[in-house]
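So you can see what is in the structure, the chains are spelled out below.
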Amino acid sequence: ETGVTQTPRHLVMGMTNKKSLKCEQHLGHNAMYWYKQSAKKPLELMFVYSLEERVENNSVPSRFSPECPNSSHLFLHLHTLQPEDSALYLCASRQGMNTEAFFGQGTRLTVV
Amino acid sequence: ILNVEQSPQSLHVQEGDSTNFTCSFPSSNFYALHWYRWETAKSPEALFVMTLNGDEKKKGRISATLNTKEGYSYLYIKGSQPEDSATYLCALSQDDYKLSFGAGTTVTVRA
Numbered sequence: 001e002t003g004v005t006q007t008p009r010h011l012v013m014g015m016t017n018k019k020s021l022k023c024e025q026h027l028g029h030n031a032m033y034w035y036k037q038s039a040k041k042p043l044e045l046m047f048v049y050s051l052e053e054r055v056e057n058n059s060v061p062s063r064f065s066p067e068c069p070n071s072s073h074l075f076l077h078l079h080t081l082q083p084e085d086s087a088l089y090l091c092a093s094r095q096g097m098n099t100e101a102f103f104g105q106g107t108r109l110t111v112v
Numbered sequence: 001i002l003n004v005e006q007s008p009q010s011l012h013v014q015e016g017d018s019t020n021f022t023c024s025f026p027s028s029n030f031y032a033l034h035w036y037r038w039e040t041a042k043s044p045e046a047l048f049v050m051t052l053n054g055d056e057k058k059k060g061r062i063s064a065t066l067n068t069k070e071g072y073s074y075l076y077i078k079g080s081q082p083e084d085s086a087t088y089l090c091a092l093s094q095d096d097y098k099l100s101f102g103a104g105t106t107v108t109v110r111a
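Sequence order for the protein chains is C and Y.
Going by the working numbering, the residue at position 77 of the first sequence is 77; the numbering climbs one at a time, nothing skipped.
Going by the working numbering, the residue at position 1 of the second sequence is 1; the numbering climbs one at a time, nothing skipped.
In case anyone wonders, no lab produced these hints; they're calculated from the structure.
Do not rely on the hints blindly, as some may be mistaken.
Said to hold, decoys possible - Calculated Cβ distances over 10 Å to all of chain C for the following chain Y residues:
1) Ser28
2) Gly71
3) Ser85
What the hints assert, rightly or not - Estimated spans, in silico, between C-beta atoms of each pair:
4) Lys42/Y <-> Gln82/C: 25 to 31 Å
5) Val55/C <-> Lys42/Y: 36 to 42 Å
6) Ser7/Y <-> Thr16/C: 40 to 46 Å
7) Thr7/C <-> Ser10/Y: 28 to 34 Å
Each residue gets a CB set at the ideal place from its N, CA and C atoms; glycine is no exception.
Isolated chain C, as found in the complex (with noise of 0.2 Å):
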């Protein structure tokens, strides 16, 4: 248990669905993070938070939309996937620029 929680651990859904994936930390990180892992391809970073604000969106679809209300949860809400967007997404946190990230467990989105 790393103190980073992200639920669902597995989401199938369809391209013309609209779902939420979640992601809470109690450690008092101020930054958070959305990465994709696709198969064989490196952990693609999507998205960063930094005390509530967005400091980092990497050219990411406008199909994945990004909220995080406060320190300490973020949501990645997806609507109108397409089947390519199948992967493990992570959710981390860090405190400062200098430390550690600790990762969740990850969701399995797959979409059909």
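Guided by the hints, dock chain Y onto chain C, whose structure is given.
Here is chain Y on its own, set in the frame of chain C:
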């Protein structure tokens, strides 16, 4: 997108043997170099965060070195054990909160 490269992509090691692998990165705007271990069905876990040129860090049988001027880091595993089998990721932290990962080196230790 930062160009963090790791080599080799995978390697197989006999139990008891030592091994090492490389992470290379652009040295401009460097803040920190991270190493993580990612075991199957688990989350990535931090091994080291290194900030200074010439840094050497050690945790048990695993150690790492850092050269920020030439832009590389080595991870060493001494006397490999089956439980060392995992994917080892390096990541670069620059002058913002961005943390960019390499593709990883997958280590398989044969008993």
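Each hint, compared with the structure:
{"no.": "1", "hint": "Ser28", "in the structure": "holds, 15 Å"}
{"no.": "2", "hint": "Gly71", "in the structure": "holds, 17 Å"}
{"no.": "3", "hint": "Ser85", "in the structure": "holds, 18 Å"}
{"no.": "4", "hint": "Lys42/Y <-> Gln82/C: 25 to 31 Å", "in the structure": "holds, 28 Å"}
{"no.": "5", "hint": "Val55/C <-> Lys42/Y: 36 to 42 Å", "in the structure": "violated, 28 Å"}
{"no.": "6", "hint": "Ser7/Y <-> Thr16/C: 40 to 46 Å", "in the structure": "holds, 42 Å"}
{"no.": "7", "hint": "Thr7/C <-> Ser10/Y: 28 to 34 Å", "in the structure": "holds, 32 Å"}
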